[in-house]
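Trainee: Residue numbers (my numbering), protein chains in the order written: chain A, 2 to 277; chain B, 22 to 329.
Hints may contain errors.
Claimed, not checked - Taking lysine to aspartate or glutamate pairs in the DMTMM-like style, the calculated list, with each CA pair at most 25 Å apart, reads:
| id | chain 1 | residue 1 | chain 2 | residue 2 |
| --- | --- | --- | --- | --- |
| 1 | B | 172 | A | 170 |
| 2 | B | 172 | A | 180 |
| 3 | B | 48 | A | 33 |
| 4 | B | 317 | A | 170 |
| 5 | B | 172 | B | 101 |
| 6 | B | 246 | B | 229 |
| 7 | B | 246 | B | 233 |
| 8 | A | 187 | A | 175 |
| 9 | A | 197 | A | 170 |
| 10 | B | 48 | A | 28 |
| 11 | B | 246 | B | 275 |
| 12 | A | 197 | A | 180 |
Hints were generated in silico from the structure; no laboratory data involved.
The chain contents come next:
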Amino acid sequence: MVTPAVAHIGLWTALPVLATFALSLTDYNIFDAPRWIGIDNYIQIWNDPTFRLATWNTVVYTFWTVPVSMAIAMIIAVALNQNLWLRTWYRTAFFLPQVTATVAIAMVWLWIYNPQQGLLNAALSVIGIPGQAWLANPDWSLWAVILVGAWQGIGIKMLIYIAALQNVDNSLYEAASVDGASVVRKFFAITLPMLKPATFFVLVISIIGAFQVFDQIYVLTDGGPANATTMMTYEVYRSAFQNFQMGLASAQSVCLFAFLLVMTLISRRATRGDDE
Amino acid sequence: MSTTRMQPVTTPAEAPRPRSRRRRPWKGRLLLNVILSIGAFTMVIPFLWMIATSLKSPAELAQFPPTLLPQVWQWSNYSEALQAAPFHLYFRNSFLISAGHTIITLVLGSMAGYALARIPFRGREWVFMGFVAMLMIPTYTKIVPQFLLVKFMPLFGGNDIFGQGGTGWLNTWWALIIPGGLSATAIFLFRQFYLSLPRELEEAARLDGLNEFRIYAQIYTPLIKPALATVALLTFQESWNNFLWPLLVTTRDDLRVIQVGLAVFQQLDSTSWHYLMAGTTLATVPMVVLFLFCQKYFIQGFTHAGIK
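Same shape as in the complex, but just chain A (with noise of 0.2 Å):
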């Protein structure tokens, strides 16, 4: 009964991933026959200028739409905890950008930043700030795609919190108001460590996904202006399926792997460490 799965898995993820690995020591353009070169895909990533720019954005990228909105989360996490009336639906309004598409989710977003008619500038002016480009400006453009994941990603974090809160024992919260801690202090003691695990596996699952961003960068941006706001995953993309250098796009969807196995092994270590 787990043979149909096994071939259906075999042939289109375990595959392609010792196939990715075999691509990338080859220089190889879909025409002609595959060319071992070595390591010579991993040398020119290492001395690419453009690689190391995606790779930069896409750890500024992730900072910013990891860590930081999952502080946001935990908080809107705690807050949604309490005994209150419209819970439900604050719920609901912060996790609707995860159910729809990225995809139609950034050409909104594309609206809203638009210089001429956007509702962004529109509300700036508003308070007297000057409006502007934003996508069109090297200076913003990555803060705006920054925006855009962050806005999308909170709900994700949100319900795992919550789903997390539940969890912890009420009982902890009745003994620190007794001993008259203030809610700040009853936040740090008791929620925050009782949130370890959940963390862990927010910070988990968020990396691996901020580290494949893609179709916002693809909508918003095409990577630019002057490769502000390329990533790996875009890199990947414009190195296969631009310019047909497959060995290359594989050394690089390899550097991205390695990359995201390092990060799940620091966040545990940085998460799980002095429980051990």
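Using the hints provided, position chain B relative to the given structure of chain A.
Mentor: Okay, now just chain B, sitting in the frame of chain A:
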């Protein structure tokens, strides 16, 4: 997108009831409500703006500062958008592909999950470890060879037995439906669900002489209906929202899915925002409606699988 599951966050999706902590003073509660309302409203503004834009006339869109609500509600934008680009066709394609993925996942995924949870067979641990390893694989680490597999699929699209000479599965339904039909995540989730059921049922069914397939199909699977719903909704949603794969393997307009259709429309006609937002609304509404009606299953699934 890649999914993973590092450790169980086992909690009921819907809280039975919020904790009854000491009631805060009403001023604090009011402040909390105001802040949350502002936050929640910020989250939905883009959606409201999308709908408002889709109902405005081009002349109204040219105004600055923009009007908040349409002065005249141009419902005809929707029918005109369908003439500007075949969004109804894109919509149908997305629906067929998502439904295809969902069916394949439910059938193959549940069978595999059941076998891994309930049938002791040789090498089961290895197969399971293999699936777990596949959970870690990002989309971009397999996309190039996946594309090549599709391109060089033997005996399809003019290819010979060695996959040379033609276009393989490129620009076919095969490429859109088969490779994305099953994920390791779904198998993993199904295994967890089957593991949570009691063993006695199985023993009783064996005594009654049922074979393994009937135990799977008639005894256990009906018991995990909520899990089936969860996995089905997640699969459907992910498939509906998928962009990169259909972008890579199709160039024909009649095979285009709605997300790719939107991107192409925007590239061809970057000024018809009212049509683009009408198309975007069409691409968004099914998932929003599905989510609002099946929130419980969605939330359960997302908390378990942590997608995106």
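Trainee: What are the numbers of the hints the structure violates, in ascending order?
Mentor: 1, 2, 3, 5, 10, 11
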